[in-house]
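> Heads up: the protein sequence lines correspond to chains A and B, in order.
If you count by the numbering used here, then the first sequence holds residues 1 to 411, one letter each, in order.
If you count by the numbering used here, then the second sequence holds residues 1 to 411, one letter each, in order.
Calculated from the structure, these hints are not laboratory results.
Errors might be hidden in some of the hints.
Stretches of chain B that chain A covers, calculated by requiring three or more beta carbons in the stretch to come under 8 Å of a beta carbon on chain A [to be verified]:
| hint | stretch |
| --- | --- |
| 1 | 38–47 |
| 2 | 222–230 |
| 3 | 241–251 |
| 4 | 264–278 |
Straight-line distance between alpha carbons at most 30 Å, and here's what the computed DSSO-like set of lysine-lysine pairs gives [as the list claims (entries may be wrong)]:
| hint | chain 1 | residue 1 | chain 2 | residue 2 |
| --- | --- | --- | --- | --- |
| 5 | B | Lys11 | B | Lys44 |
| 6 | A | Lys357 | A | Lys26 |
| 7 | B | Lys357 | A | Lys61 |
| 8 | B | Lys44 | A | Lys74 |
| 9 | A | Lys61 | B | Lys397 |
| 10 | A | Lys61 | B | Lys44 |
| 11 | A | Lys61 | A | Lys44 |
| 12 | B | Lys61 | A | Lys397 |
| 13 | A | Lys61 | B | Lys26 |
| 14 | B | Lys175 | A | Lys61 |
As the structure is a prediction and not an experimental result, all values here were calculated from the model.
Heads up, the beta-carbon is just placed ideally off N, CA and C, and yes, glycines get one too.
Take a look at the letters that make up each chain.
Number of protein chains: 2
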Amino acid sequence: MNLDEIRALDKTDPLADKRLEFDLPKDVVYLDGNSLGALPRAVKTHLSQVLCQQWGNDLIKSWNDHQWIDLPVKVGEKIAPIIGAASGQVICCDSTSVNLFKLLCSALTLNSDRNVVLSTEDNFPTDLYMVQGVSDLLGEDLCHLQLVDEKDIQQNLTESVAVLLLTQVNFRTGKSLDMAKLTQLAHDKGILVIWDLAHSAGALPVELDQCEADFAVGCGYKYLNGGPGAPAFLYVATRHQEFVKQPLSGWMGHTNPFAFDTHYQASSNINQFQCGTPSVIAMSALDVALDVWRNVDMLTIQTKSVALSQVFLRLMQQHQPLDDLTLCSPVDAKQRGSQLAFSHNDAYAICQALIEKGVIADFRAPNMIRFGFTPLYTSFEDVWRAINTLRDVVESKLYQAQRFKVAAKVT
Amino acid sequence: MNLDEIRALDKTDPLADKRLEFDLPKDVVYLDGNSLGALPRAVKTHLSQVLCQQWGNDLIKSWNDHQWIDLPVKVGEKIAPIIGAASGQVICCDSTSVNLFKLLCSALTLNSDRNVVLSTEDNFPTDLYMVQGVSDLLGEDLCHLQLVDEKDIQQNLTESVAVLLLTQVNFRTGKSLDMAKLTQLAHDKGILVIWDLAHSAGALPVELDQCEADFAVGCGYKYLNGGPGAPAFLYVATRHQEFVKQPLSGWMGHTNPFAFDTHYQASSNINQFQCGTPSVIAMSALDVALDVWRNVDMLTIQTKSVALSQVFLRLMQQHQPLDDLTLCSPVDAKQRGSQLAFSHNDAYAICQALIEKGVIADFRAPNMIRFGFTPLYTSFEDVWRAINTLRDVVESKLYQAQRFKVAAKVT
Numbered sequence: 001m002n003l004d005e006i007r008a009l010d011k012t013d014p015l016a017d018k019r020l021e022f023d024l025p026k027d028v029v030y031l032d033g034n035s036l037g038a039l040p041r042a043v044k045t046h047l048s049q050v051l052c053q054q055w056g057n058d059l060i061k062s063w064n065d066h067q068w069i070d071l072p073v074k075v076g077e078k079i080a081p082i083i084g085a086a087s088g089q090v091i092c093c094d095s096t097s098v099n100l101f102k103l104l105c106s107a108l109t110l111n112s113d114r115n116v117v118l119s120t121e122d123n124f125p126t127d128l129y130m131v132q133g134v135s136d137l138l139g140e141d142l143c144h145l146q147l148v149d150e151k152d153i154q155q156n157l158t159e160s161v162a163v164l165l166l167t168q169v170n171f172r173t174g175k176s177l178d179m180a181k182l183t184q185l186a187h188d189k190g191i192l193v194i195w196d197l198a199h200s201a202g203a204l205p206v207e208l209d210q211c212e213a214d215f216a217v218g219c220g221y222k223y224l225n226g227g228p229g230a231p232a233f234l235y236v237a238t239r240h241q242e243f244v245k246q247p248l249s250g251w252m253g254h255t256n257p258f259a260f261d262t263h264y265q266a267s268s269n270i271n272q273f274q275c276g277t278p279s280v281i282a283m284s285a286l287d288v289a290l291d292v293w294r295n296v297d298m299l300t301i302q303t304k305s306v307a308l309s310q311v312f313l314r315l316m317q318q319h320q321p322l323d324d325l326t327l328c329s330p331v332d333a334k335q336r337g338s339q340l341a342f343s344h345n346d347a348y349a350i351c352q353a354l355i356e357k358g359v360i361a362d363f364r365a366p367n368m369i370r371f372g373f374t375p376l377y378t379s380f381e382d383v384w385r386a387i388n389t390l391r392d393v394v395e396s397k398l399y400q401a402q403r404f405k406v407a408a409k410v411t
Numbered sequence: 001m002n003l004d005e006i007r008a009l010d011k012t013d014p015l016a017d018k019r020l021e022f023d024l025p026k027d028v029v030y031l032d033g034n035s036l037g038a039l040p041r042a043v044k045t046h047l048s049q050v051l052c053q054q055w056g057n058d059l060i061k062s063w064n065d066h067q068w069i070d071l072p073v074k075v076g077e078k079i080a081p082i083i084g085a086a087s088g089q090v091i092c093c094d095s096t097s098v099n100l101f102k103l104l105c106s107a108l109t110l111n112s113d114r115n116v117v118l119s120t121e122d123n124f125p126t127d128l129y130m131v132q133g134v135s136d137l138l139g140e141d142l143c144h145l146q147l148v149d150e151k152d153i154q155q156n157l158t159e160s161v162a163v164l165l166l167t168q169v170n171f172r173t174g175k176s177l178d179m180a181k182l183t184q185l186a187h188d189k190g191i192l193v194i195w196d197l198a199h200s201a202g203a204l205p206v207e208l209d210q211c212e213a214d215f216a217v218g219c220g221y222k223y224l225n226g227g228p229g230a231p232a233f234l235y236v237a238t239r240h241q242e243f244v245k246q247p248l249s250g251w252m253g254h255t256n257p258f259a260f261d262t263h264y265q266a267s268s269n270i271n272q273f274q275c276g277t278p279s280v281i282a283m284s285a286l287d288v289a290l291d292v293w294r295n296v297d298m299l300t301i302q303t304k305s306v307a308l309s310q311v312f313l314r315l316m317q318q319h320q321p322l323d324d325l326t327l328c329s330p331v332d333a334k335q336r337g338s339q340l341a342f343s344h345n346d347a348y349a350i351c352q353a354l355i356e357k358g359v360i361a362d363f364r365a366p367n368m369i370r371f372g373f374t375p376l377y378t379s380f381e382d383v384w385r386a387i388n389t390l391r392d393v394v395e396s397k398l399y400q401a402q403r404f405k406v407a408a409k410v411t
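Work out the full structure: start from the sequences and follow the hints.
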C-alpha cells in the first residue's frame, strides 16, 4: 500500500468529519485513546458555561435550573445506546471500581447460596482487587475469588459459582470474549454475570440487552472521551432492579433524597445505584463529550476499527525490521477490540522512543506495546505515519538511547 | 446599627480582599456557601489550562508530566492545615459518602469485638444511610446503628460501642459539638470516632490532631469552594494507618498500581484509601480553589464568622416583624458553626421570596431557613442587605404569593 491508497481510504471514511469535533495536537499521532480519549472541542465551551454561568452566576439554584440533579440519569441514557441497553438501565456515577463493588455485592446477595466469584487471571487488576476487598470484608464463606485461564472459563462454570466477572476486551491483548455465549452458559448454571466494558464501550458494538446481560460497569475516559478520570457508569438489567440491594446507600440513591429522612429507602429504579453527590463539572464534561456519538452507528465504528487495524498489520508486513515485534492480539479481527498489542524485549524503550517522535502508544508491563484505534478520530494516514515512525525507531535502533535512560532510572 | 457602621466593618475586615478572588453575581447576596461555595476566579483559567494544554495537547503524558497522579495527595495536603492535620493524613478522593463507608469498615475492623455505631438522630441523613448500608451488608451482629439525641451522647458511650460517628456542625441548626471533649470521652471507653466535617472544614478552626481524632471525612464543595459535587476528603490519624484495612481496594490504593499485579497489596500510607481513577478535572478545580486559603488563619475566619452572625442577629432585633422567625441555632456564637437557622411555618415560601429578590439562603425541611456566612467572601453589607430584604418579605407578606405557588405545585 502507498500513501495515495491510504489517503483514498480517509476520503471515503464515513466518520472522517468526526475528527473535526476533536482537538488533537498538531504533528502527533495519537494511538492511545484506549487509555485516555482525546478532547472533544465542545467540552471547552460547555465547561466554560458550566463554570461561569451555572456555578459562578446561578450558584445553588443550578441543581434545579440547570438540571444538575438529573445528570447521572441523563448521561446514563446517552451511554445506553452505545452499549446496547434500553432506557432505564444505565446510570453514570462514581468510578468503575466503586461501581464494581456495588454490583459484586448486589450479585452475591441475589445468589446468596453460592460464594465463588469466577474471573480470569489476566483480568484488569482493579477488578480482581475489588473482589479481594469484598472477600476480606465478608469472609471467604461469602465471597471466594477463583481465577482461571481464559480458555478454561466454560469448564469452571459450576453450581458453586455465584458471579462470573469478565472484562469483554482484554486490556493488554485486546482479545474480546463472546458475551452472548458466555452469558448464556453462565445463566444455564444459575450464574450471574458482570461485564466490565472498559475497553469495549465505544470501541465495538456491545449488545447488553440482546445478550441478556445481568450487570455491567464501564469507564467514561477511554472511548467515551469524557476526560481524565471521567465518571464511570453501570448497567443493571431491568428484571433485577426490584430485587437488588447495594451497600453504598448514599443519599443520592434514596427514593427522596431531599426529604432528609433518617431511614434509607432505596429508589426502586436505576437511581438506587447512586451514592454521594456527583461532580457536576466532571459529569458535564462527559455529558457533552457523548454528543459526538449522535448519529453514529456502532457497526460503522467497528468497520472502521477493523480497517484501521488491518491496514496497520498490512503496512507492518511491508517493513521487514518490524518482524521483531510479535503480535499478541488475535489475528482474526472479529476476536479483537479496537487495539493491537505486540511484545518485544525492548517494548518500554521502543514506546518511549515513539513518544519522543510524536507517536503516542502505550506500554503495558512486562513487555507489551499497545496501539489503540479510536474510529471517531484516528485516520488511516495516522496509521501510515505511525508505521513509518515505528520502522525508523526499530530499524535504526533509536530506542537504545531510551533503554539506557530506563537503565539509568532503575539504578 | 446603620449602614455607615456596617461599611466601617467591611473597611477594617482583614479578609475583605479575599472577596475579590471570587466571581460573585451582581446584585445578589449569597448566603448559601454552606451548601455550595462560590466560584474562585482562578478556577476558570486553571481549568482552561487543564482542558486545552494538559488534556487536549499533552494527553496521556499528563499523568506524569502534569502530575495528575499526585493530585489526591497534593490536594489532601492543601486541606490538611485547614482542619488541623499534620502531613500524610489527608487524601482527596471519591465522595463523602463513599469515604465514610471506607472509614466505617476500617473502624469496625479495628474494634471488631464490638458492633455498635453510635450516632445522633439529627445527623446528616447520608451518614446514617451509609451505616445502614454497612449493617445490611455485614449483619447486625457486626454493625448495629444506635441513634440517640445529641444531649445523650455521653451516657451512651458504653463498651459495646465500636464507633462514634458525629458531624461536628449540625447541618440544620449549625450547632457545633465539642470535638476535643467527645473524642476524649469516647477514647476513655475504647471507642473510635469518625468526624464528619462537611459543615466545619473551612468554617471554623478544626483541630483534628490536637483532639487526637481517629478518622474524619469532609466535602470539597461547601466552604472549600471546589465546585458542585467536588471530590471529598478523608483523614486517618498516622497511628492507625498501618493497622487499618478498607474494603474499596481499587488500584489507586495499591502500593504499586502500575505493576498490574494480580494480588492487591495496599499502600502502607494514606494512599491506601484511594480506590478508582479520580476525576482530574474535578480535582484540579478543587486544587486551585484551595489556593485562596494561602495565608488565611482559621482564627481570623472564625472571628469574622462570629461577627457576621452577631451583626445579623443585632439587625434582626431592629425590625419587629422579624420576631416571627425563631432562632434554632445556639445563641452562644462559640457553640455554632458559620450559619444561622430560623424556623417559621412559611419557611419554604419565605426562602423562595428571598431568592426572587436576590438573597440566596436555603430551606431545610420541615420548616427551617438557613443563612450561611462564608468569611472569605461574605461582607457585612451583604448581611445588611439580606436583613432589609428579609424584613420586606416578612413585613409585606410577599411570601404568600410563593405559598400559593407551593400549594399549586403540590396539588
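> Next, verify each hint and record whether it holds.
Structure-based check of each hint:
1. 38–47: Answer holds; 5 residues pass the 8 Å Cβ test.
2. 222–230: holds (count 4)
3. 241–251: holds (count 7)
4. 264–278: With 5 residues closer than 8 Å to chain A, the stretch 264–278 of chain B meets the three-residue bar; holds.
5. Lys11/B with Lys44/B: This hinted pair holds, its Cα atoms lying about 28 Å apart.
6. Lys357/A with Lys26/A: 12 Å, holds
7. Lys357/B with Lys61/A: 14 Å, holds
8. Lys44/B with Lys74/A: 25 Å, holds
9. Lys61/A with Lys397/B: The given pair, whose Cα atoms are some 23 Å apart, holds under the 30 Å limit.
10. Lys61/A with Lys44/B: 20 Å, holds
11. Lys61/A with Lys44/A: Given pair Lys61/A, Lys44/A holds - Cα atoms ~23 Å apart, limit 30 Å.
12. Lys61/B with Lys397/A: 23 Å, holds
13. Lys61/A with Lys26/B: Distance of about 15 Å is within 30 Å: holds.
14. Lys175/B with Lys61/A: 25 Å, holds
The structure fails none of the hints (numbered hints given earlier).
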